[in-house]
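Take the two lone chains, each set in its own frame, and fit them into one complex as the hints suggest.
Here is what each chain is made of, one letter per residue.
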Amino acid sequence: MANSQTLTPAMARARRANLRRNAFYLALIAVGLVAPLAIYPVFLMKVLCFALFACAFNLLLGYAGLLSFGHAAFLATGGYVTGYLLSSYPALTPEMGIITGTVAAVALGVIFGALSIRRQGIYFAMVTLALAQLMFFMYIQAPFTGGEDGLHGVPRGHLFGIISLRSNLAMYYFVFAVFLLGFALIQRTIHSPFGQVLKAIRENEPRAVSLGYNVDAYKLVAFVISAGLAGLAGSTKTVVFQLASLTDAHWHMSGEVILMTLLGGVGTLFGPVAGAGLVVSLQHLLAQSPLGNWVSPILGLIFVVCVLSFRSGIVGEIQKMYRKNFK
Amino acid sequence: MTMIFGVPVAVFMGQLLLGLINGAFYALLSLGLAVIFGLLKIVNFAHGAMYMLGAFTTLLGMQYLGVNYWAALLLTPLVVGLGGMLVERVLLRRIAHLDHLYGLLLTFGLALIFEGSLINFFGVSGARYPTPDALQGGYQLGFMFLPKYRAWVLLAAIIVCVFTWYMIERTRLGAYLRAGTENPALMQAFGVNVPLLVTLTYGFGVALAAFAGVLAAPLYPVSPTMGSNLLIVVFAVVVIGGMGSILGAILTGLGMGLIEGLTKVYYPEAANTVIFLVMILVLLLRPAGLFGKEA
Numbered sequence: 001m002a003n004s005q006t007l008t009p010a011m012a013r014a015r016r017a018n019l020r021r022n023a024f025y026l027a028l029i030a031v032g033l034v035a036p037l038a039i040y041p042v043f044l045m046k047v048l049c050f051a052l053f054a055c056a057f058n059l060l061l062g063y064a065g066l067l068s069f070g071h072a073a074f075l076a077t078g079g080y081v082t083g084y085l086l087s088s089y090p091a092l093t094p095e096m097g098i099i100t101g102t103v104a105a106v107a108l109g110v111i112f113g114a115l116s117i118r119r120q121g122i123y124f125a126m127v128t129l130a131l132a133q134l135m136f137f138m139y140i141q142a143p144f145t146g147g148e149d150g151l152h153g154v155p156r157g158h159l160f161g162i163i164s165l166r167s168n169l170a171m172y173y174f175v176f177a178v179f180l181l182g183f184a185l186i187q188r189t190i191h192s193p194f195g196q197v198l199k200a201i202r203e204n205e206p207r208a209v210s211l212g213y214n215v216d217a218y219k220l221v222a223f224v225i226s227a228g229l230a231g232l233a234g235s236t237k238t239v240v241f242q243l244a245s246l247t248d249a250h251w252h253m254s255g256e257v258i259l260m261t262l263l264g265g266v267g268t269l270f271g272p273v274a275g276a277g278l279v280v281s282l283q284h285l286l287a288q289s290p291l292g293n294w295v296s297p298i299l300g301l302i303f304v305v306c307v308l309s310f311r312s313g314i315v316g317e318i319q320k321m322y323r324k325n326f327k
Numbered sequence: 001m002t003m004i005f006g007v008p009v010a011v012f013m014g015q016l017l018l019g020l021i022n023g024a025f026y027a028l029l030s031l032g033l034a035v036i037f038g039l040l041k042i043v044n045f046a047h048g049a050m051y052m053l054g055a056f057t058t059l060l061g062m063q064y065l066g067v068n069y070w071a072a073l074l075l076t077p078l079v080v081g082l083g084g085m086l087v088e089r090v091l092l093r094r095i096a097h098l099d100h101l102y103g104l105l106l107t108f109g110l111a112l113i114f115e116g117s118l119i120n121f122f123g124v125s126g127a128r129y130p131t132p133d134a135l136q137g138g139y140q141l142g143f144m145f146l147p148k149y150r151a152w153v154l155l156a157a158i159i160v161c162v163f164t165w166y167m168i169e170r171t172r173l174g175a176y177l178r179a180g181t182e183n184p185a186l187m188q189a190f191g192v193n194v195p196l197l198v199t200l201t202y203g204f205g206v207a208l209a210a211f212a213g214v215l216a217a218p219l220y221p222v223s224p225t226m227g228s229n230l231l232i233v234v235f236a237v238v239v240i241g242g243m244g245s246i247l248g249a250i251l252t253g254l255g256m257g258l259i260e261g262l263t264k265v266y267y268p269e270a271a272n273t274v275i276f277l278v279m280i281l282v283l284l285l286r287p288a289g290l291f292g293k294e295a
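Chains as they are written, first to last, in my numbering: chain H, 1 to 327; chain Y, 1 to 295.
Bound conformation, chain Y alone (with noise of 0.2 Å):
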């Protein structure tokens, strides 16, 4: 059998693939706390609680209501996209002449609120999803199996962290969102409407949460806590790609999974941590983040 560093071809290319999907998650993740900070400058703490929901509403909408994966991929961003404007209207609102600071704590507040309310109901020990019947099965590419749904997950990732580039580098709304990061009274002045603008923007990044719970549902345990644990990597990941940039929040995010795939490869003790350490190393030699600019 092939080795490479004295593993197995078909472990390293199973774990880096596990690593990449992960780091999917960190990019789609980390790209909707990026557009979100971009325009409120609050670090959204409850986007690991709306990914949670996410996977919660996929999983309830087919025990209840017979919504199909499919179906889910599209309604379930939709239904928690609609909460999340619900609560910026009705409660980032009215926090958002004060310290971006407060943002942060209202929104671990929600965080609390969700993920304690959804313990009661379900446990911690989670629930499983089902593979749609489509994505069953997987493909044998000689030097290692590649689950099918794995692959759709990586494929479905990318093409919405790519459409949400396009979303915002290139068409006349992103072009809006980006004047108003960088200054929505006077986007205000002339004529465009950035309270609408605000509570949209909250809603999209909170949809690529929740789409992220939907890819999320039938691969991990779907748990109330599912979401916290990864926020705070997701964080991590943040602190190393700096959010001023939406191509870095991706390539850090995919980055970084890929460390920890190969991580666990070498030195699985570490696998939790090297985010972190990563992070660490950062901080020291580019204090900025990778494609942060200087504050």
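For reference, chain H alone in the conformation it holds in the complex (with noise of 0.2 Å):
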């Protein structure tokens, strides 16, 4: 046949190895479909939120370089708008909630970015912790906010004002469309010439500026996809928990989403998805444990002996090990 006539060893492979990842993909998606139905579907959307927040967070940290030490900013804004919209506008559908607070989020994403990528490497941390800070105190201080007591009684409502959200498995479907959508999007992101440019402006700044790369454009673009991805994860969670509060937009949780990536893997695709779920897991037991109180502490243990010892993190030491065994 002509078909196997063109066909070199290296495009075999290449095909392979696509096929493989697709038959990996799909059957993490059939994982996820009939997870609900083993484990309770609240925790699962919990950690599905939080892994979308993690993805959208290592996207700026693993494919960009740029560790950003505010994104709890973008959660609880994308969080607070959602809230506010449904639980003032009983009329508005939930997807709509939700897109505005994504909105919201690039919005605030197109102004932090601008400001923050004007400094490098240690400072570009300290801007954006400062500015979250600031988001913080300001919603302290906003009206709609509902100051220390945060949003209470969010209507989860009807999907595209038809299917109701009332149900945690249907909720959960939902929540699991919206990672994926977020999830294929930086997947996207990340294996297009513009995710190799950022991977190229990780790896040396200048060698990108020398070659012609609007450096500051990319890392911006970057940021303003991280910050909305971030959002929607805010926003969906806002719609999941029916509440949107402070501890969203407190630095520890721009911490707490540091320490899933790291420990997960930073700059691998699924690293946040695994940190992200062990994270919650870990907080769950511990919270029903007599260590319910250590739970900061802990996390920060956890923290220093991911930065000793454990750089790759969890997926990253299985790629290592796989590439060591199978190649």
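The hints are simulated quantities; they were obtained by calculation from the structure and are not laboratory data.
Among these hints, one or two may not hold up.
[Claimed, not checked] Partner residues aside, some chain Y positions facing chain H, computed with beta carbon under 8 Å:
id, residue
1, Phe235
2, Met279
3, Leu281
4, Leu283
5, Leu285
Backbone N, C-alpha and C fix where the C-beta goes; we use that ideal spot for every residue, glycine too.
Below, the structure written as structure tokens:
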């Protein structure tokens, strides 16, 4: 056949790898579809929301090399805007609320991004942290956030005005769809020419500049995508748990998302998902155990251990092992 | 009563003094951050925790060992500084060859550990530390009342800042430090014990934070969270001033305290946020910071 003649060994290998990857994705989606039958859906939804949040953060740290210490601001902005709109305008459908929340996070991302990419490295981290703290103080004082109490009883409503999201199972499949959408966007971004340029900037910024790339524009776009997806995660989380609170805006949250990404594997596609699952499970388990008050020091300890001796994270280590043994 | 832009002079000066004292703390902390950053190239996220540990060491030292304020002023920075050296030796040294962001993450983890553990033992409400007897009361200056302790804090902070500046800019040890900031490998080749210098520098920076903690103990409630909130503001101060210059760190710290104090007088709603807004302004107009060099 003509087809088999033009198929070089390299092409055949690539095709097999592609097939394997697609099969892997399909298997994961299948797991996601049946998971709520075995595990409490509300817990799964929490994991998915944080996984999306961590994936968004990872796009910035893992692929553009930018450590944002202020991603809580986007999570909270998405959450507050969605929560406020859905509570005040009962006619609004949840997907409209979520879209608006995401747009708000994107807008904030444009402002924060434009400001913080004016500084590099360690200063970038400090600027994002300070900007997020500014938002924290604003949300304490702003009239629409409910201050220290937060927003409670945000209605879940009817998706597209038709499908009731009151049952946790329906809600789960919606959250799963949102997660897949966000994840696919990140996957496409990373594997696009745009993503390749981001990696080039991460590896050697002056070189990318000298090759003629408008580095600041690339960084800004990456920042805005990341902020928007973090906002999407926050908006979705608000609809799921029907509340938006200052916890999401606090710098602890910015730290937690870093930990999730670090633990799972910075710069790997699935690392943040694994990390988010692990951290959320850990918090869940600790909350019920006698160690309930020790969550924050334990997270700190994991941080230290990760930085000292587990920098590739879980998925990173697995990839290393896979490469060593199967290639 | 005399008024300044519609505000009584006594209130105006009182807030200005409070602002100046806050500024003194910003200056002490950003100075320590700058010293550490210069040689180690890491941003010490545990700096707020070290400040908090300074205040707690002072409080607990008095409660359990009967160490008075004046002894604490000397002993606390020593104890916490030694602890800092241990942290540098055992933890930070292992990641010194990596991207400096890891240093930030490691010290962030340390901050979580210190803060979270102390919350479990002491809660978040905070304890009071008595003002030392010699500094009770105050002076009536006519236009305002100046509490003795606040005057002392300002004086002590300025003395320590000037002392640090002198140490770094005018002594041999400081010359080593500055040279190490420029090129540690070359320093090592000349026979200077750079690893020791790094340990001492980290210890010194941390001791500055602990000293600020002792000064703060009688002034603010001593609570496990007192450091982290302050530290984020100090980060903004550092972004405004840039970490390149010692004098710049001191001046920016004091200046930002004053601006905060003024905001409390005229627009209290923005008092928490004004420093962040100044930071945004500086980023727009002078991205490298007021005293910073373009990196």
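Hints, one by one, checked against the model:
A distance limit of 8 Å between C-beta atoms decides the matter here; for Phe235/Y the minimum to chain H is near 4 Å, and the interface restraint holds. The interface hint given for Met279/Y holds, since its Cβ lies 6 Å from the closest Cβ of chain H, which is under the 8 Å cut-off. Taking 8 Å as the C-beta cut-off, the interface hint given for Leu281/Y is violated, the closest approach to chain H being about 10 Å. For Leu283/Y, the interface hint holds, since its Cβ comes within 8 Å of a Cβ in chain H; the closest pair sits about 5 Å apart.
A least Cβ separation of about 10 Å between Leu285/Y and chain H goes past the 8 Å threshold, and the interface hint is therefore violated.
Taken one by one, the earlier hints fail for this structure at numbers 3 and 5, listed in ascending order.
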